[in-house]
Amino acid sequence: MKNIVTQEWLESHLSRSDLVICDCRFNLSDPEAGRKQYDSGHIPGSIYVNLEKDLSRSVTEHGGRHPLPSKKEMSQAFGRLGIDEKKTVIAYDDQGGSYAARLWWMLKLLGSEKVFVLQIGFSAWERKGYPVTSENTVLQPTVFTPQESKWRTVSMEEVRLASLKDGKGAIVVDSRDPERYKGKHEPIDKKAGHIPGAVNIPWLKNVSEGSKWLDSSELKSVHKGLKEKPEVIVYCGSGVTACANILGMDEAGIENVRLYPGSWSDWISYPDNKIEKQ
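Under full-length UniProt numbering, the first residue of the sequence shown is numbered 1, with each subsequent residue one higher.
Please note: incorrect hints may appear among the correct ones.
Said to hold, decoys possible - Straight-line C-alpha distance at most 16 Å; calculated EDC-like pairs for lysine to aspartate or glutamate: (1) K36 - E52; (2) K165 - E276; (3) K190 - E8; (4) K108 - D84; (5) K277 - E113; (6) K71 - D54; (7) K168 - E228; (8) K86 - D18; (9) K274 - E158; (10) K212 - E8; (11) K72 - D54; (12) K190 - D272; (13) K86 - E148; (14) K205 - D215; (15) K2 - E113; (16) K114 - D18; (17) K168 - E179; (18) K53 - E73; (19) K220 - E186; (20) K227 - E255; (21) K224 - D272; (22) K205 - E186; (23) K114 - D84; (24) K205 - E179; (25) K72 - E148; (26) K150 - E255; (27) K182 - E276; (28) K277 - E186; (29) K71 - D84; (30) K36 - E135; (31) K72 - D84; (32) K190 - E276; (33) K128 - E11; (34) K108 - E148; (35) K53 - E32; (36) K277 - D189; (37) K108 - D215.
Said to hold, decoys possible - FRET-style restraints, in silico, Cβ to Cβ: (38) S155 - E135: 38 to 44 Å; (39) K191 - V138: 37 to 43 Å; (40) H185 - L139: 36 to 42 Å.
FYI, nobody ran anything at the bench for these hints, they're computed from the structure. Source: prediction; values computed, not measured. Glycine included, every Cβ here is placed at the ideal spot set by N, Cα and C.
Take these sequences, add in the hints, and give me the full structure.
This is the structure:
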């Protein structure tokens with residue numbers, strides 16, 4: 001797999017000087033929980049990367065719950081963390097790769113080629129008896145220089161236009177669980193439902209019950225029918241788990257995939273935007 005590295009690979013390459021390991025564990029209901037987990041124990045050499053402090057900008061009226069920083073802001077944030085465009089970056093979490101994928105996607109957007117998500121996550125690493133430390137790692141700040149990239153985002157206006165085309169042209173994919181997509185259950189955002197015309201491919205379909213990423217052939221089955229589309233627009237609740245879906249689509253060989261960064265939480269911040277339930 002081109003975006004996933006195994007636990008065995010990482011364990012045997014921990015001493016590489018060009019490697020940056022990023023602990024992305026996070027809990028939406030307790031934003032400090034991930035840092036506490038890191039302090040209790042993490043993969044040796046890992047730095048802690050916080051979803052809200054490092055991978056998002058400040059929340060405003062629009063942009064969703066985890067607004068995507070500008071490319072300049074992203075580059076500055078990664079530079080502060082000690083990451084430059086030449087490093088090999090491995091991201092992990094304990095939530096099926098959903099938070100790690102946000103970092104993966106942001107680095108892809110900036111043109112990094114050597115960025116990967118760790119298969120399964122920290123708990124599996126610990127169960128295998130691999131090294132764990134509570135020693136805090138802080139890297140020397142550096143300069144991150146963005147490179148050319150095929151990865152793109154779409155604006156709310158572009159999503160609105162795609163939703164009006166009734167299946168012609170771009171397809172809009174909702175990455176949330178079916179109950180949230182149908183509008184039957186909404187534990188986080190102020191309104192329930194989905195963007196009109198969107199189809200539901202829950203991001204969790206990319207991983208097994210044991211949080212292991214499916215292989216490429218299985219992912220092609222999960223995302224069957226998308227390859228023929230001229231453009232695939234992916235969203236979730238706030239632009240996080242959509243990145244995991246995009247990773248799965250990339251493994252399945254699907255091109256022209258775009259992230260709607262603000263996602264559902266941005267869409268509902270515009271009173272005129274329509275909502276579907278089913």
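- Message: Holds or violated: K165 and E276, Cα atoms, limit 16 Å.
- Response: 15 Å, holds
- Message: Just to be careful, I want the Cα atoms of K71 and D84 compared with a cutoff of 16 Å; is the pair within it?
- Response: Holds - the C-alpha atoms of D84 and K71 are around 14 Å apart, at most 16 Å.
- Is the straight-line distance between the alpha-carbon of K114 and that of D84 16 Å or less? At roughly 11 Å apart (the allowed maximum being 16 Å), D84 and K114 satisfy the hint.
- Message: What's the verdict on K277 and E186, does the C-alpha distance respect the 16 Å limit or exceed it?
- Response: The given pair, whose Cα atoms are some 12 Å apart, holds under the 16 Å limit.
- Task: Could you grab the alpha-carbon distance between K128 and E11 and see if it respects the 16 Å cut-off?
- Result: 10 Å, holds
- With a cut-off of 16 Å on the C-alpha distance, tell me whether K227 and E255 pass. The hint holds at about 7 Å.
- Query: Is it true that the CA of K53 sits at most 16 Å from the CA of E73?
  - Reply: 12 Å, holds
- Is K86 close enough to D18, meaning Cα to Cα at most 16 Å? Holds. K86 to D18 sits at ~8 Å (cutoff 16 Å).
- Message: Next pair to validate is K53 with E32; report whether the Cα-Cα distance is within 16 Å.
- Response: 11 Å, holds
- Query: Is K190 close enough to E276, meaning Cα to Cα at most 16 Å?
  - Reply: Roughly 14 Å separates the two Cα atoms, so the pair holds.
- Task: Quickly compare the C-alpha distance for K108 and D215 to 16 Å and report which way the hint goes.
- Result: With a Cα-Cα distance of about 20 Å, the restraint between K108 and D215 is violated, given a limit of 16 Å.
- Has the given pair, K150 with E255, been kept, meaning a C-alpha gap of at most 16 Å? This hinted pair holds, its Cα atoms lying about 9 Å apart.
Hints 3, 5, 17, 19, 21, 22 and 37 from the earlier list are contradicted by this structure; the remaining hints agree with it.
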